[in-house]
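Okay, here's what each chain looks like letter by letter:
Protein chains: 2
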Amino acid sequence: MNIKNKKIHKLVFQIFKKHGLTSEHSKICSDAILNAELVGAHSHGLSRLKMYCERIKEKLIKPNPKIKIKKISQSIAHINADDSIGFVAADLALKIAIKNALKTGIGLVAVKNSNHYGLSGYYAEKAVKKNLITMIYTNAPPAIAPHGALKSLLGTNPICFGVPTGTKVPFILDSSNSMINRGKIRLAKKNNTKLPAGVALDRFGKPTRDPQKALEGIQLPMAGFRGSGLAWMVDILSGLITGSNHAGKVKDPFEDFSGPQNVGHLFFLFKANLFIGDYRKRIKENIKIIKKLPKLKSTKEIFYPGENKYKRFLKNSKKQIKISSAVLKDLKILISD
Amino acid sequence: MNIKNKKIHKLVFQIFKKHGLTSEHSKICSDAILNAELVGAHSHGLSRLKMYCERIKEKLIKPNPKIKIKKISQSIAHINADDSIGFVAADLALKIAIKNALKTGIGLVAVKNSNHYGLSGYYAEKAVKKNLITMIYTNAPPAIAPHGALKSLLGTNPICFGVPTGTKVPFILDSSNSMINRGKIRLAKKNNTKLPAGVALDRFGKPTRDPQKALEGIQLPMAGFRGSGLAWMVDILSGLITGSNHAGKVKDPFEDFSGPQNVGHLFFLFKANLFIGDYRKRIKENIKIIKKLPKLKSTKEIFYPGENKYKRFLKNSKKQIKISSAVLKDLKILISD
Chain S
0 MNIKNKKIHK
10 LVFQIFKKHG
20 LTSEHSKICS
30 DAILNAELVG
40 AHSHGLSRLK
50 MYCERIKEKL
60 IKPNPKIKIK
70 KISQSIAHIN
80 ADDSIGFVAA
90 DLALKIAIKN
100 ALKTGIGLVA
110 VKNSNHYGLS
120 GYYAEKAVKK
130 NLITMIYTNA
140 PPAIAPHGAL
150 KSLLGTNPIC
160 FGVPTGTKVP
170 FILDSSNSMI
180 NRGKIRLAKK
190 NNTKLPAGVA
200 LDRFGKPTRD
210 PQKALEGIQL
220 PMAGFRGSGL
230 AWMVDILSGL
240 ITGSNHAGKV
250 KDPFEDFSGP
260 QNVGHLFFLF
270 KANLFIGDYR
280 KRIKENIKII
290 KKLPKLKSTK
300 EIFYPGENKY
310 KRFLKNSKKQ
320 IKISSAVLKD
330 LKILISD
Chain U
0 MNIKNKKIHK
10 LVFQIFKKHG
20 LTSEHSKICS
30 DAILNAELVG
40 AHSHGLSRLK
50 MYCERIKEKL
60 IKPNPKIKIK
70 KISQSIAHIN
80 ADDSIGFVAA
90 DLALKIAIKN
100 ALKTGIGLVA
110 VKNSNHYGLS
120 GYYAEKAVKK
130 NLITMIYTNA
140 PPAIAPHGAL
150 KSLLGTNPIC
160 FGVPTGTKVP
170 FILDSSNSMI
180 NRGKIRLAKK
190 NNTKLPAGVA
200 LDRFGKPTRD
210 PQKALEGIQL
220 PMAGFRGSGL
230 AWMVDILSGL
240 ITGSNHAGKV
250 KDPFEDFSGP
260 QNVGHLFFLF
270 KANLFIGDYR
280 KRIKENIKII
290 KKLPKLKSTK
300 EIFYPGENKY
310 KRFLKNSKKQ
320 IKISSAVLKD
330 LKILISD
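Quick mapping for you: the protein sequence lines, in order, are chains S and U.
First residue of the first sequence: 0, per numbering that gives the first Met the number 0; consecutive thereafter.
First residue of the second sequence: 0, per numbering that gives the first Met the number 0; consecutive thereafter.
The reader is advised that the hints may include incorrect statements.
Treat identical chains as interchangeable: a pair holds within one or across any two.
What the hints assert, rightly or not - Quick list of in silico lysine-lysine cross-link-like pairs, BS3-like style, CA-CA up to 30 Å:
1) K167 to K280
2) K270 to K26
3) K70 to K129
4) K270 to K250
5) K212 to K3
6) K318 to K280
7) K321 to K16
Hints listed in this document are in silico derivations from the structure and should not be mistaken for laboratory results.
What you are looking at is a predicted structure, and each value in this text was computed from that prediction instead of being measured.
Produce the complete structure using the sequences and hints provided.
Written out as structure tokens, the structure is:
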């Protein structure tokens, strides 16, 4: 990290400390937030800091949670995060899952009573560095309508999959199940532009490209019934069976201060060389074959999932993180009040 | 099964016996094929019988494979299916995965040197009946173009997820990653109808609704980069890390008789009550909430994945399976020659 970004990191660290987190936990949180900025996921970075601090003040996120770990087997654990900030709960769950996977071949760790933890891909990358195949699920507040419904209920509920590639650039797929996120619709409204076709319906259930009508209506899952089914699957895997909120009950962290979010996570890791020893050679070959395919005219290079993000990370790491005036104002208030 | 369908089952059983499979294996295969017909997946049923028998005759599928099971741990196994017919390899892998999951909480079984095994959902249903959460992956011959490519390479590569619901009707998501399958494009050509928009490109990479141009061009993954990434993930999970063919090398079972298919499968099962005891109550509540949502005008009822298939199964089980004249002709030849 360059000096200017280290300063920002220190500021974020101090803000968390000021809000009652331990130094260890403050570092976990500030590391995750800086990473989100550096990979270009600004919606998961500094712009959320104010929200986290507000939820701490409202006692919906506990700065000093009593996290309980229930060991189920050498491979399996269940964590009650006690309304911890999501970063801390996820960091702990990941560490246990990695330890178990390295020891037994498999690590399966479920988390309940957690909160928004940032980017799934951030955790996947850490596990992949240990030569583990990684599948991570987490649920989220209502954002998309189940197929056939005229009301949002399922979260964007990402599916995250990571695999080592034998190079510095891991294969990390971190894909939400919605066609578009609410932030982009709000931006289109602000900029007075139309939405792409097929991403939203108005409140009567008619397709619309008008951002205002989309905000009053519903966002669609990707690929209709199938995307809806995948988002539902993630709700079951991360919310329902872990003992967390599910079926639309995860609270919106920005808007709903009526109680803790109770987000759930599921981490499933296993050794990439469980079945064959030469997976590195094979994945290099796999990627090479696909990259060499004939391309569409609009395509310069075929990228595997995670490749672009890694490039953005390298590029952004050399520069100072851009902070909008609104976010800068938040940071100043958070560190001083 | 009613008497007429039992007769068809017996015929299929005898055809497999005649082609050198043991009685036990013939039953496994005929059960799977009849099930595909009864759930309405005719493309995975009797219409494939001729192909399986041809591949046996060409020594690409071994009717008496020497399947080797490598036990990796109490939870994990790796199967070398020795070019077995896929049904038999999958049946064995599933049985081991179920046994391991019931004993240790988790079952993870990889299969290499296998062949097309029919419907993933068929196996998921069996595991779900044992109160296991089920994730199954298998790869397939090239059908869809990776995002940005002008050539098909990834298979339809289904993602299959099953969970018990506490009722007779399990939640089984069995979703391919393509917008449309080749069979439907061929049918559109035959019926002189247009394709839906956004499912295929012509050979120059331009969107087309003309089935002939689509056949000469490429089929698109669902949801662009994300569907492409998911299909790629399935290729890695079921093909690459299991020691099977991958990166477009799985052979088309109908068209390519230059060698065995070497399809790979991955079965991951775990106890639904690993983390919480009352998952049945919770999933009933989850489904109830979603079903009660306000609906689109075009929607009478919101279904969860697998519900429609179960209804078709019940309905079709009361009737005789419809066999097209072409398939009937095949069956007569297969039993007599």
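Right, here's what the structure says about each hint:
no.	hint	result
1	K167 to K280	within (14 Å within a copy, 45 Å between copies)
2	K270 to K26	within (28 Å within a copy, 35 Å between copies)
3	K70 to K129	both (22 Å within a copy, 23 Å between copies)
4	K270 to K250	between (35 Å within a copy, 28 Å between copies)
5	K212 to K3	neither (42 Å within a copy, 55 Å between copies)
6	K318 to K280	neither (34 Å within a copy, 52 Å between copies)
7	K321 to K16	within (23 Å within a copy, 70 Å between copies)
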